[in-house]
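**Student:** Please work from the sequences and hints to get the whole structure.
These are the residues of each chain, in order.
Number of protein chains: 4
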Amino acid sequence: MAPSHDIAHVGHVELLTPEPEKSLWFFTEIMGLTENGRDGDSVYLRTWDDYEHHSLKLTAHSTSGIRRTALRASSQEALDRRVKALDAAGRGIGWIDGDAGIGPTYLATDPDGHEFELYWESEWYQPPEELRPALKNQAQAYPGRGVSVRRLDHVNFLAAQVEPNGDFVRDLLGGEATEQIRLDTGKIAAQWLHFGNKSYDLVYTEDWTGSNGRLHHIAFATDTREDILRAADIFLENDVFIETGPHKHAIQQTFFLYVYEPGGNRIELCNPVARLILAPDWKTITWTQAERAKGQAWGLKTIESFHTHGTPPVE
Amino acid sequence: MAPSHDIAHVGHVELLTPEPEKSLWFFTEIMGLTENGRDGDSVYLRTWDDYEHHSLKLTAHSTSGIRRTALRASSQEALDRRVKALDAAGRGIGWIDGDAGIGPTYLATDPDGHEFELYWESEWYQPPEELRPALKNQAQAYPGRGVSVRRLDHVNFLAAQVEPNGDFVRDLLGGEATEQIRLDTGKIAAQWLHFGNKSYDLVYTEDWTGSNGRLHHIAFATDTREDILRAADIFLENDVFIETGPHKHAIQQTFFLYVYEPGGNRIELCNPVARLILAPDWKTITWTQAERAKGQAWGLKTIESFHTHGTPPVE
Amino acid sequence: MAPSHDIAHVGHVELLTPEPEKSLWFFTEIMGLTENGRDGDSVYLRTWDDYEHHSLKLTAHSTSGIRRTALRASSQEALDRRVKALDAAGRGIGWIDGDAGIGPTYLATDPDGHEFELYWESEWYQPPEELRPALKNQAQAYPGRGVSVRRLDHVNFLAAQVEPNGDFVRDLLGGEATEQIRLDTGKIAAQWLHFGNKSYDLVYTEDWTGSNGRLHHIAFATDTREDILRAADIFLENDVFIETGPHKHAIQQTFFLYVYEPGGNRIELCNPVARLILAPDWKTITWTQAERAKGQAWGLKTIESFHTHGTPPVE
Amino acid sequence: MAPSHDIAHVGHVELLTPEPEKSLWFFTEIMGLTENGRDGDSVYLRTWDDYEHHSLKLTAHSTSGIRRTALRASSQEALDRRVKALDAAGRGIGWIDGDAGIGPTYLATDPDGHEFELYWESEWYQPPEELRPALKNQAQAYPGRGVSVRRLDHVNFLAAQVEPNGDFVRDLLGGEATEQIRLDTGKIAAQWLHFGNKSYDLVYTEDWTGSNGRLHHIAFATDTREDILRAADIFLENDVFIETGPHKHAIQQTFFLYVYEPGGNRIELCNPVARLILAPDWKTITWTQAERAKGQAWGLKTIESFHTHGTPPVE
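Protein chains in written order, with the numbering used here: chain U, 103 to 417; chain Y, 103 to 417; chain H, 103 to 417; chain S, 103 to 417.
In short, the hints are calculated from the structure, not lab data.
Identical chains share a label here; the pair holds if one copy fits it or two copies do between them.
Straight-line alpha carbon distances no greater than 35 Å define the calculated DSBU-like cross-link-like pairs of lysine-lysine that follow:
no. : residue 1 : residue 2
1   : K238      : K385
2   : K289      : K238
3   : K124      : K403
4   : K385      : K289
5   : K403      : K289
6   : K403      : K238
7   : K238      : K396
8   : K186      : K385
9   : K385      : K396
**Tutor:** Given below as structure tokens:
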């Protein structure tokens, strides 16, 4: 089935880092994001194709991980519908003032404890003179610095149990699962969910440590696969740890590269080529345990740390 | 505003050609489409990423042009809503049996006389053994023959008056205009409209000859810009007329290449890189006459034939 | 030091296959080579950028492996100098008639037993009408079929001892080593040698089985890295075994992909980006055992079969 | 015929600019070159793949243009041979001390008055800690700043008469012409000459103004065509004037983009894909006037300013 479209897209995330200066260097100099203000221990950062105030709120903290994932509703009515559903299901926390550039914000948690914020009102970004783009249909000038990622693409959570969290996204947020892995035991080991034509926006992967509320990775989209090959050289030159890739996922067919930012959080660069889910009656693709064991599309074995590294680290 | 999502996407088009054998060679050997059945003077063709029966119905005819553009609704209810609206506006023609693989189909025309068909029921394509893809989340094996385009991307109509046709798409089909050109006289010279996260699905451009019902081009999406550079070499080697490109449009920022297929219809290869319209409150970008006069993104002047060549040709 | 330039380039190789029909399918349909005549159990095949009669002589045989590597001299005088040197060193076998399109040919062997042929006279390829290129500075029309590799790039031999074979290329053929691996024991485990501005044309790698005369791989160059990513999809769809890649070598920085053709021989697709050795006083780069252990440029571990799989197989 | 190999490659050029600060910004921030010292009104700049002290000497001057083109000999003996030939032909000026990092340098002029310097001794670049590359077979860390061009590729001179200058390169420097344009009158309108496997290093184009000693452009090579598409966006965002491209030349098949640096000199970004001249008996390709009139490979017409803009400008 098609998603309900009540949620338009992932707006931004708040990422925690115990190495705030190094993480800031990574996101600005290496990834090419632009700073757009500060608030306490947090720095607001934006990709050049983001029309909102920020794509990433980077917050100094005692450890790593994701504090919150922000979802923009498609309208005030859509937001009201989602809040009502979350509240009825006992998953809502309540309203807060939004972050910089963001209107009234409703907090909720998924069953695994990851915090979400939903909002409708959002100020469109107005670039200062030096960041004004040459083409008026673009939010900000292309930076040409480091990787220069286009946009925040998706968030991949770790969860002790995948299925209830996928249900949460489907039933309470109006998303749909496009692909999933089902083990021989019948257990869902991972699920990819989307809100629009992108083939996924949120992903849940089973946390082998049984912990709650952890992050597997956040992903930024580049315009081309060549941007990712070039990024690999930039990471190599700047001592950014490359975990695996570049290669092509069998699941979702995404061209990928995984690195750890200096704070320890796993960051993916992804390029979907021109793939979109246009079918309004898409049937969830289910991969078996045997199919998953084959590794990535072109035969690369899934790296062991993919199942063990998450943030914050488990003691 | 966000589109209503009642229309999911452009499903297929019926293209007319006075050179059926040569056009078939072009679409199969050069573009890499796969034949999927015939019906009278028509051949059904499909791109490898299409989940439906066909992307293109190629029909032998006395002249060139587009006979019909098929839009898939998001559900039976969505289809009913659109039919009711079209009927009420006097733009409906009535129900017919659908083409191969397609259920009940409602015909309508835009004010300029271009024929549309709307449908909900659609058989999912089941590839024969030799076309079965290696990855189960893909409709058909990647052909590796000629350009190997991924999908039908959009249709660009010529119209004597752009604005009433854009209104038709917005008011009766639930689309929205993402970008447009407004002349100094206030007249809308071109409008780009979309139904989902793709930044455009249907385009209207003013027909300087004042004719009705003509086609500017249909476009196929490739996965990468490199596919388009490679395609240019394939066209060069096979005497396919290249009209303009490869280059990048300022409007919509699409990387493009325009050729004429042997029947005379203009065909675009397009690559959107990773650009999507995610904002639910996107404001239509309006380009002025002076801005349009600057040409394409990297300075290429718009080719003269862009304003004169359409199909069928005008006597 | 700069190479002597007596050898201009690798002209072609003769490859043996126990699966001649399947290997022929691989080289023509998947790799995009063009057949250019037959002779007994052999088929002559050519890449589209090859100016000579053939790039590959594919010969049906009881097993796999490489029968001969052909080197074109830079002139008759250069050939005479090389023959004299080979003869004096006792490595020459004698003159034979050349293969189709090739003049008088001198046979010799390296210390490990790999057979070489040296020649000067060579007929320039004249394409038939249907293969005539659109641009006159190109040998043959770009095929647009499968991977469509540009040229034969290099040959990588296995040898029981690397060093004497590298010396053979340097002292008797006038090549130079651009890079090499030296183990902690002082032993040279691999050596890359070149004859012109390409950074390598012949490579010797230590054969852990201690066998003689075996092949590690032959490599074909593509125009872009994107061609290699696209090739990976073509291999995947056509059940061609992908051994490792795509990735970037640390040594020589080549972007690579390794597959086995149906006869069992390892084939590399390589793209050197724009890297050339222009320095006439290039100093051989020596990689230590510890550096080699780090794997490829972006961290991929060297696959185990890289040290064990060669052709013909060892009983 | 093959070139003599006495000249190894173009080492560097001295470029004149009336806008030294803006030109320096262009070459460092936009093109991604690295400063490597200053000398009076000159700044030494280097591309990251250059093994020598500098690729470009940028000198403040009253006007634009090229002061000198430096060619590195293949050995001391090769240098001596060239000096003897130049001297005998009356084209030599004499010996001077070399620039920073360069040994004894011999000056000469081509018939049109362009100044050349020939040298053998050259200090290999030793990067400071912060510019040390991750891979030891690379001269300097990849900058990831702006376009990040790999190397200086070629110099294209304007000359009142092309043929005597081509003869100069062939007879006195040991180069060879790979391609040329011959007008219907028999006059050579342009000639591309090379010293190694690159298909051209020096180019002469007829100066329609009849002036002497002018520059058409200098070119920098990128690793990929995608680098050039990305560069076009960087130029667009930074108000660098794009004259023509990106497109593919019919002659030499180079993928190109031409801009003017702030001092007025035309700069090309070029990517040769994997094309090399390996044939030792390459026959000069001659394009007719009619063939040249067809424009570039994919049909782009040659821009008018290509025949009129050179530096320094003609009053």
